[in-house]
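Chains as they are written, first to last, in the numbering used here: chain A, 1 to 429; chain B, 1001 to 1429; chain C, 2001 to 2429; chain D, 3001 to 3429.
Heads up, some of the hints might be wrong.
To be verified - Derived DMTMM-like pairs (lysine to aspartate or glutamate); straight-line CA-CA distance at most 25 Å:
| hint | chain 1 | residue 1 | chain 2 | residue 2 |
| --- | --- | --- | --- | --- |
| 1 | B | K1164 | D | E3197 |
| 2 | A | K132 | B | E1193 |
| 3 | C | K2289 | D | E3197 |
| 4 | B | K1164 | A | D293 |
| 5 | D | K3010 | C | D2406 |
Said to hold, decoys possible - Cβ-to-Cβ under 8 Å is the rule here; a few derived chain A residues that face chain C:
| hint | residue |
| --- | --- |
| 6 | H171 |
| 7 | T175 |
| 8 | S199 |
| 9 | I203 |
| 10 | D388 |
What the hints contain is simulated information worked out from the structure, not anything from laboratory work. Ideal Cβ placement from N, Cα and C applies to all residues, glycine included.
There are 4 protein chains.
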Amino acid sequence: MNGSQWASGKLQVFETMESEVRSYIRSFPTKFRRASGYRMWDTEGKEYVDFFSGAGALNYGHNPPEMKRLLIQYLQEDGISHSLDMATEAKERFLLRFGETILRPRGLDYKVMFPGPTGANSVESALKLARKATGRQTVMSFTNAFHGMTLGALAVTGNKFKRKGAGVPLHHTVTFPYDGYMGPSVNTLTYIENFLEDSGSGISLPAAVILETLQGEGGLQAASGPWLRGLANLCKRHGILMIVDDVQMGCGRTGTFFSFEPFGMEPDIVCLSKSIGGYGLPMALTLLKPELDLWEPGEHNGTFRGNNLAFVAAAEALSYWENDRFAKAIARKGEQLRSALLSLADRFGGEVRGRGLMQGIALEPGLAEKVCAAAFERGLVIETSGTDSEVVKVMPPLVIDPEGLDEGLAILRSSMQQVVEAMGAAAIR
Amino acid sequence: MNGSQWASGKLQVFETMESEVRSYIRSFPTKFRRASGYRMWDTEGKEYVDFFSGAGALNYGHNPPEMKRLLIQYLQEDGISHSLDMATEAKERFLLRFGETILRPRGLDYKVMFPGPTGANSVESALKLARKATGRQTVMSFTNAFHGMTLGALAVTGNKFKRKGAGVPLHHTVTFPYDGYMGPSVNTLTYIENFLEDSGSGISLPAAVILETLQGEGGLQAASGPWLRGLANLCKRHGILMIVDDVQMGCGRTGTFFSFEPFGMEPDIVCLSKSIGGYGLPMALTLLKPELDLWEPGEHNGTFRGNNLAFVAAAEALSYWENDRFAKAIARKGEQLRSALLSLADRFGGEVRGRGLMQGIALEPGLAEKVCAAAFERGLVIETSGTDSEVVKVMPPLVIDPEGLDEGLAILRSSMQQVVEAMGAAAIR
Amino acid sequence: MNGSQWASGKLQVFETMESEVRSYIRSFPTKFRRASGYRMWDTEGKEYVDFFSGAGALNYGHNPPEMKRLLIQYLQEDGISHSLDMATEAKERFLLRFGETILRPRGLDYKVMFPGPTGANSVESALKLARKATGRQTVMSFTNAFHGMTLGALAVTGNKFKRKGAGVPLHHTVTFPYDGYMGPSVNTLTYIENFLEDSGSGISLPAAVILETLQGEGGLQAASGPWLRGLANLCKRHGILMIVDDVQMGCGRTGTFFSFEPFGMEPDIVCLSKSIGGYGLPMALTLLKPELDLWEPGEHNGTFRGNNLAFVAAAEALSYWENDRFAKAIARKGEQLRSALLSLADRFGGEVRGRGLMQGIALEPGLAEKVCAAAFERGLVIETSGTDSEVVKVMPPLVIDPEGLDEGLAILRSSMQQVVEAMGAAAIR
Amino acid sequence: MNGSQWASGKLQVFETMESEVRSYIRSFPTKFRRASGYRMWDTEGKEYVDFFSGAGALNYGHNPPEMKRLLIQYLQEDGISHSLDMATEAKERFLLRFGETILRPRGLDYKVMFPGPTGANSVESALKLARKATGRQTVMSFTNAFHGMTLGALAVTGNKFKRKGAGVPLHHTVTFPYDGYMGPSVNTLTYIENFLEDSGSGISLPAAVILETLQGEGGLQAASGPWLRGLANLCKRHGILMIVDDVQMGCGRTGTFFSFEPFGMEPDIVCLSKSIGGYGLPMALTLLKPELDLWEPGEHNGTFRGNNLAFVAAAEALSYWENDRFAKAIARKGEQLRSALLSLADRFGGEVRGRGLMQGIALEPGLAEKVCAAAFERGLVIETSGTDSEVVKVMPPLVIDPEGLDEGLAILRSSMQQVVEAMGAAAIR
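Take these sequences, add in the hints, and give me the full structure.
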């Protein structure tokens, strides 16, 4: 699919000059110009509702005004733009705000590390640290996990197509079944523990387990509280470090700042990126328990760890977390979304998955992509999830208002209607 | 942690909250606020000359006014901030300008790939592509090379301390001696070719070779033109792809936009990052010959590939390359720098290395760090290079004027004088 | 080192000169001189019943007279002793006999490969061939599998202690749960198939699966017929090669020449060693389907592939398989053994496992080793199985007569009685 | 080449039933029956002089009478044939004789380990032990080295064709240039030491180096004494263990029992196999310094470590080393051989290599195989060496008499003459 029949030349520069690796431009074949809150406009003036949020980097919506004001002011005052890991005022303000607003109220005691400004870089740093701290090499990951595209992160990612892209075998990891993978009657933790304890299983004691509490790319499978707590206990009993990759699920996506808050867990290492920068600006954090801070200076580094525009926006974004109003609003909108999706499932079949403002509906293979394409034509930016793209994934900015949510859901409903009618009802599960 | 005697509490937030992995803050223990061109100011108003350029990300200086103007305007107009690999006006403008200003005049026919916005991500994508295109796994790299800190990039990096940080063995690579590594009388290419052609050498045919034409982190060793051309021929004869990592040496650092231009080479893949974003904003490119564009859509991806603020600044930065004035000015300032460094070597000993505005002076072990620390106290931001930090590395913004260059060099000279006097002349090579 | 209280100096040469790696000498601390059939004598004239069979290499008993006669004759006539893979009369006779007596009557069409004369070498050759034939790298193996101690074979072995001995990570393999591993209610095949078919499981399509139909070292777990057939079908559907390691279970140990005969399977590759040489002489075979015979000459080799004394004995040993009398006798003695073990379990607790003349009784941790030590004192050579040595493993020569079997079993019974009485009944499961 | 034009059906069983992997049968296409000393006979009564010695396993010639007598007697007395690592009288006698005759007179203090009965198994055990003892993973090996075909041994072997057969990447090793590899003017030790000491070379400190003092399969390159001693010193300075693979070069092949004796070295680990069994019977030893004997019982094992027929012959074979007559005779015959080969080189071109009774002549590519084929037709069994089979390798039994040596050399001379005449003198270097 290259979309050129719709594009009629307007995407020619991209089609000619850019590598075939480009992908979202194929799902959303238009040229964007402007955006605000949960709305986007292309160069032809067509308006879109955004149920995509820049793949999770725009939890606070497009171009939130107060952040914008501060960014402009910072630029006008010739604030330092790029500083690696030197000290700057902007970075200091972010650190202080992060401590006051996020860590202290939650009773969390983490040291903060600034890796290169992508989720994959945060994951790479977390894996290195876990291996260094334990002196072990193997890291456990889960079926359908997604943690990034650099070799270390790819090695803990489940998607075979993406793994194959490595061009080399990916080692030092072992994949275990995520919660629910073996059906509702099998607790995969039992199996995992057997493997770890059995001296004949071939698996040496891992350095760490890395997981998402809800699999954003892997089909919106959510781990249950008991399973997560059980896993945390298992890790503690065996001296295995727990790494939560909250790159997509953190920053409020599931209703709390960290996705693991409702479960009474305290991971050893947490990866943050995407919406941490507030304004969609590249930034990433790795949080680590103080006793794990065994790094030598410069043992993991990178150039763009001091993106001060991101620090400015990120510090401001934390204002949303100064009290519980934002979290409560996400919860309400999450229920509104749940209800609408259940109604869709009732009407068209499918399975509703996820939590907070990361929910979706799993459809028969091939269907979800058609639904998203139809929705895009009607002015809704929405993508699929799952290794077989089988889930329609609803991920609006957290700041969306209930009306905007309804507006997008109405487009989704009519798009499903259209696709289903075109295919015949029998195609729906 | 050193430097605390100067810091007197002003860096307390960083020392308390940030991981021990932080490093530049230890060499430059102050809190920066503002910067312009080749000058920086800390929160106490102290002024610094910048011979560091954000580790090469600020070739066009701090906050260049025209880029700043365009960034503010883009923010004010609610331009799309973050777009992954969707089409935007800002990205289109960058692509067009890159084609017109850089590729076409040099007769280069590359497809453009946007990896995650760091040099390491570009290197990871280049390695993946080379392995995919050839169906082979081994990549050749060189002694003292530096290509990044994620597992794939680390595997082609020579520094043992950084490699050890991986926590796992690094495979699928083979290290060969860089030009000059075996002394002036041995052409390392002969040895490399023997190894490749001998059916008993244990090395299977590599997918690619990756190299810097001048080793920025590895001690400013510069490969000669004949060696580079010989390596290119060797690659052609054996069907090995050539990847030039121009992350630090590109964007004019050595005098031409690409560091390899003077040598009549045309690498199969080129990695760019650091100064490509113009304003120190995170961005990276991977350039590839059209026949290598075998990617499947999404086979390598990442969230922050659509940093539109970077696209806005990057497009404007290319104005410097519309004619040959900028290149000529770099050449003149490079000669000015060479002459000053040779005079230093004449006075204090040491070996002058590098080319363009990436030059330095190699000193006895332990000395270069002292010189840089003394210079910082006198208001010069400058770092070392080399796996044993044995080189004082002069890397000012390319836009520095001759007076600024002289100002910084005078500080460097007096700093060396001070260190040498403190140690006694015998310590100098 | 234990057992020295019995040894009283007679093992001094071994204790002084031999490496600590020696092991069976610790379980059977005497110096053997002579053996015949199922009886052994040490240098002090003490007689032992053999329920160990040289770890499976002596299925035809010690020094069977007709083989002995032929070996002496071959030596007297200056027959070629060592011939690598040159043609010799002795090797030709073996090949012809193996075709006539084993392959043809079973309708099996295999090419015969002679690897180095150990089971591990056969396994290494099988893995190489499977990878070459499929162009894939991953090999599936099972929990508690044992396939050998060289790096390739060790990588498909489950025992963590033995794996750790590698000193390097073991790659290109994935361990799956053997039949029964997840309890009686979970069919592990379902789980395996999920993993193979799910595009998000992280496991690329394997080249092959390697398995024992009954795990000789791994605790005498026997796979069921339906599970084995299901696995064979799964392999066929996915184009995965099936390698049966019959090194210990072949040559009649479970009642048929190949252990897989009762299940209607036809593996792609079969590994044989141990008793294939007839007289305990080093020899190994790798059988492969003709369409897999993609080897280049010499692509896998080794010096001792032409042990002609072994060929002489091996050819003669096949006489046992010229009709079904031998198989029927094994079956009868297998039932006799089953019945005796069930009676022991009834009396002392424990779980009876295995089939044919490879059966045992699983006891509480720590007990089996005590039982075997007590039995040795009473004149029975018998060892444990299982990664925690939890199984008493009864593996007499297949030629043992019912009286000999009873004699050994009586010693076993009284040894269990003694151990149990010493420990108190509560220690028994 | 399959030789069937000469074989006229007599090798049909092998061609039909045996895998394509067979190789020596293609070079020596006849069916052997009988052998004695340095002579062999095929089933048609044709006599051959043996310059091949079973690839080095028959240093004491075929069927030496005293060993034969003892083997027959052992069989007649029902001596234990197969005993794993239990104690037997035959094994004890071997150990005592090895201590008295070999270790003590040379002042060598080694513990003796019995790995599986092949050279590859000994190498695998040596690599495991070196990694365990140092806690490091990388092992250094050399260009054109050959150490065996199992995955661990293959990883330190240089031959690309054989490495490719692994079907998986071979890791944890690094190949360095052997003595002479970079031409006579470059001391490869300097290069190796640079790599080890340079913190930017990408190579972490190795566990061990493994080497042959003369490369038997790799083209008869001999390392010089100064180079070997320099390597030993380098290892000592860096805490790297030295493993000498004396599988082919040991047992007197180069004139002394161990090949390294003339150089005043004392390797940490020594691998022996091939002729150690005396009569061509499968056997292998790994010798290790007592302080390295860190094995847990059974940490490396295998079934055929107790081949008592081999122990009987091996103990007797050591009689050759009770005084210095045997060594002196080898030296004399080595000179006789050298002189003859130099005369051949003088007449036909080529380079004479090797020492003791392991010498050869390197010819133009393609020539050596033709010479060996012509020699075989004339009744001389002789093979090539070198990854491109470029060397005619003369390796007679050490017990050959001067007349036998002359007889074989005369056949070699006339074979070269024939080949050269057929090709024209220009083909000779």
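**Message:** With the threshold set at 25 Å, check whether the alpha-carbon distance from A:K132 to B:E1193 stays at or below it.
**Reply:** With a Cα-Cα distance of about 37 Å, the restraint between A:K132 and B:E1193 is violated, given a limit of 25 Å.
**Request:** Could you check if A:T175 really has its C-beta closer than 8 Å to a C-beta on chain C?
**Result:** With Cβ-Cβ at 4 Å, under 8 Å, it holds.
**Prompt:** Has the given pair, B:K1164 with A:D293, been kept, meaning a C-alpha gap of at most 25 Å?
**Reply:** 16 Å, holds
**Message:** Quick check on A:S199 please, does its C-beta sit within 8 Å of some C-beta on chain C?
**Reply:** 4 Å, holds
**Message:** Restraint: A:H171 near chain C, CB-CB cut 8 Å. Satisfied or not?
**Reply:** A:H171 check passes; min Cβ-Cβ to chain C is 5 Å, inside 8 Å.
**Message:** Given A:I203 as an interface hint, is its Cβ closer than 8 Å to any Cβ of chain C?
**Reply:** With a minimum Cβ separation of about 7 Å from chain C (threshold 8 Å), the hint on A:I203 holds.
**Message:** Check the hint pairing D:K3010 with C:D2406 against an upper bound of 25 Å on the C-alpha distance.
**Reply:** 50 Å, violated
**Interface hint compliance - A:D388 to chain C, C-beta minimum distance less than 8 Å** = Holds: closest Cβ of chain C sits about 6 Å from A:D388, inside 8 Å.
**Item:** Given pair status - D:E3197, C:K2289, alpha carbons within 25 Å
**Value:** 51 Å, violated
**Asked** Is the Cα-Cα distance between B:K1164 and D:E3197 25 Å or less?
**Response** Holds, at roughly 15 Å.
Going down the numbered hints, you'll see the structure goes against 2, 3, 5, while the others check out.
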